[in-house]
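S.K.: Protein chains in written order, with the working numbering: chain A, 1 to 343; chain B, 1001 to 1343.
The hints are simulated quantities; they were obtained by calculation from the structure and are not laboratory data. Given the structure is predicted, the values throughout are model-derived calculations rather than measurements. Any given hint could be a false lead.
[Claimed, not checked] If you only want the chain B side, here are some residues facing chain A, beta carbon under 7 Å, derived: (1) Ser1232; (2) Gly1237; (3) Arg1278.
[Said to hold, decoys possible] With beta-carbon atoms standing in for the labels, derived distance ranges: (4) Glu1300(B) x Gly254(A): 57 to 63 Å; (5) Ala1127(B) x Ala127(A): 14 to 20 Å; (6) Gly1170(B) x Trp188(A): 57 to 63 Å; (7) Ala127(A) x Glu1300(B): 46 to 52 Å; (8) Glu1214(B) x Gly315(A): 45 to 51 Å.
Where is the CB? At the ideal position from N, CA and C, for every residue including glycine.
Protein chains: 2
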Amino acid sequence: MKRYLILAEGKSGDPHYGKTARGVLRYSQHPTVAILDSTRAGETEDGIPVVGSVNDALCFNPTTALVGVATQGGRFPPAWRDLIRSCVAKSLDVENGLHQFLTDDPELAELAVRHGAELRDLRRPPADLDVPTGENLELDAQVVLTVGSDCAIGKMTVSLELDREARERGLRSVFVPTGQTGIAIAGWGISVDAVVADFLAGAAERLVVEGAEEGDLLWVEGQGALLHPAYSGVTLGLMHGSAPHAYVLCHLAGSNAIEGYPEHPIPALSELVELHERASLPARPARVACIALNTRALGEAEARAAVAEAEEETGLPADDPVRFGAARLFDAVLRIGAVRTET
Amino acid sequence: MKRYLILAEGKSGDPHYGKTARGVLRYSQHPTVAILDSTRAGETEDGIPVVGSVNDALCFNPTTALVGVATQGGRFPPAWRDLIRSCVAKSLDVENGLHQFLTDDPELAELAVRHGAELRDLRRPPADLDVPTGENLELDAQVVLTVGSDCAIGKMTVSLELDREARERGLRSVFVPTGQTGIAIAGWGISVDAVVADFLAGAAERLVVEGAEEGDLLWVEGQGALLHPAYSGVTLGLMHGSAPHAYVLCHLAGSNAIEGYPEHPIPALSELVELHERASLPARPARVACIALNTRALGEAEARAAVAEAEEETGLPADDPVRFGAARLFDAVLRIGAVRTET
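With the hints as extra help, turn the sequences into a complete structure.
M.R.: Here you go:
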C-alpha cells in the first residue's frame, strides 16, 4: 500500500494548480499522509497535515512523493528539482505528472538507483502507440465521455462521481483515466495529452478497449475543451478515439472566458451542446446527455438557480454531482443509453 | 544544391502513398534525378528515370535520398532499413519523413558518421515547444488554412498553388509547411502531427509567427480532417493554433467515405463548411472562402460538372486549382479577406 506525500510547494491554496493533489486526496485508494507546502506549514487540508520540508514529512511515514502541481504546458518549476532530489535521497518513490520526465534526468535516475527509490513518469506514453484499428466501434461496453467548456473545471471528478454512482447501483462500471491525475488515482491509463499527436485517437481507442475488458459501462475522463486555444486538439482526438455513445458536458457556473485566456470567450452552453454533437464521428453519432455544473464558488441558493438556468437554456438535465449527488445525471445518461440500444 | 533520389520502393505507382514523392517532384526547388522502385525499373515518371537499386541511381549523381513513402501512422517498412543503409554506405544524405526517426538508430547514426552522410528526420519536433502565447491573434499577416474532408487529397498542393498565384500577383506570400512533405519542399516548418499533443496549437502558432516574418499572406498547409477517425486532433489543434482568417475546404470529387476507413462516411460539403466555421475559435471566427476540388480521377466534362455541383451545394466558389488554375479560388479568398479587414 502506497502512502502519499503530495508535493504542492506554494500551490496547495490554488484551486487551478492543485488539481492533481485534490483529485488524489479525494479519490485515490492510497492514503495521503502529508502535503508539502512551506507557505502553509502547520495547517491541515481535509484533515491532512501540511508540512514545510521533506524531513518534516518523514514522521508521517510516506512511501511515495507525488508531484501534485499541474502547470500550463506541464514543465517543471526549476526550484522543484531540489525538492525531488530531497525525496529521492530519503528513498521515497516519486510519481510525476508533468510533461518533463524525471526518468530522462540521468542525475536523478542515478540518485534513485543509489537510494532504492523508483521514479514513475505518469505521462510517459507507451512506446508502441499507433492509429486506431476500428475496435473502438465494436465494443460491447457503453462509453460516456466528459467534455467541457474549459480545462480544470471538474471533468475527471464528474467521471469519477458517475462511476461511483454506477458501482453503487451494482453495475460493472469502470473509470477510464486519460491524464496524469486519473492515472495516479486509478493506477492505469494513458495521458493522452502527452502522446505524439498522430496517435491521439489510437491512444484513446486503446484505453476504451482495455476498459471494456473490465466492465460494461466506461466513464472516460475528458481533457481540454473543444474551443480551448491550447488544448482543443487533445479534446477532439479523445472524442473520436474513445468513440463515446454519450457526453456529459461540464461547465464552471458563471465562467464566460477560458481560464488564463481572457480574450477567448466561452460560447453559450446550447452552442457547445450542438458543437459536440456535430463534431462527433458520423459513424458514432453521440448526444450530450446532461450538463454537469461546477458550483463550488456559489452559495446553495445560487447553485440551485444556476442549475435551473442551465436546464432551461439547454433543455437538458443539469446538476452539480459533487454538491447534490450524481443520481440525476446518471439517470440522464442511462436514458440516452437506453434510447441508443433500442435504435 | 541538393539532387534527390526518391525512395519509393513498391509504392511509386500508388496515388495515396506517393504523396511525399509527388509533392517534391512538383514543387521543390531541388531537382529529383531518380526514383528508386525496383518494381518499375526502366520506366520514367514525369520524365524522371525509375531505377532498381541504389547502385543504379549513382550514375545520376544524387546527393540526398528522400524517404518518399508516407505510411499509415508513419512507421518504417522493415525492408526499408537495408535500403537506407545502402544509401548511407554510398555517402548519400537521407531525409526521412516518418514518425520513426533515423537519428535514433545508433547503428545507422554510426554508419552515417563513417560515410560522411547526414540523417535528417523531417518530423523531429523542436525540443522547446509549449502552449500558444496568444501571438497568433496579433499578427499583421492574413492567414489562410486549407482544411479538408479527408487526408491525402491535396491540401498541401492547394496551399502551394494558391501561394504561387499570390506571388505571381506580386504579393508577399508564404507557404507555411506543417508536415514532412511541405518541410522537404520548403526547407523549414514543423510536422505538427509529430509533436506532443499538448503542444499542437503551440507548434502551429510558432509556424504562423515565423511565417509572418517573411510575408503578409500565409498559406498554412492543412493536416488530416475534422471528422477523420485517426487524425482529427491534429486538424483541430492546427486550426486553433494557426488562427486563420479563412479556410479553403478541399475535397476529392466523388469520395463519400474516409480513405482506408470505409465505415466512416464523409458528410455533405455544406455540413463540413458549417462545422469548420462553428469549430473556429470565437476570438477568431473564420469562414470557408471556397471549395478546392480534386478532380484528378475525372474526365474534363465530369470535372466541370463536379465543380458546378459543389458550387450549387455550398453556395461558395469552387474549382480544381491544379487542373484549371488557382485564380478563381484566390479571388474568393481575397474577397473574404477584404470583408474581414473592413469589420
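S.K.: All hints, please: hold or fail.
M.R.: For each hint, the structure was consulted:
no.	hint	in the structure
1	Ser1232	holds, 5 Å
2	Gly1237	holds, 3 Å
3	Arg1278	holds, 6 Å
4	Glu1300(B) x Gly254(A): 57 to 63 Å	holds, 59 Å
5	Ala1127(B) x Ala127(A): 14 to 20 Å	holds, 19 Å
6	Gly1170(B) x Trp188(A): 57 to 63 Å	holds, 59 Å
7	Ala127(A) x Glu1300(B): 46 to 52 Å	holds, 50 Å
8	Glu1214(B) x Gly315(A): 45 to 51 Å	holds, 49 Å
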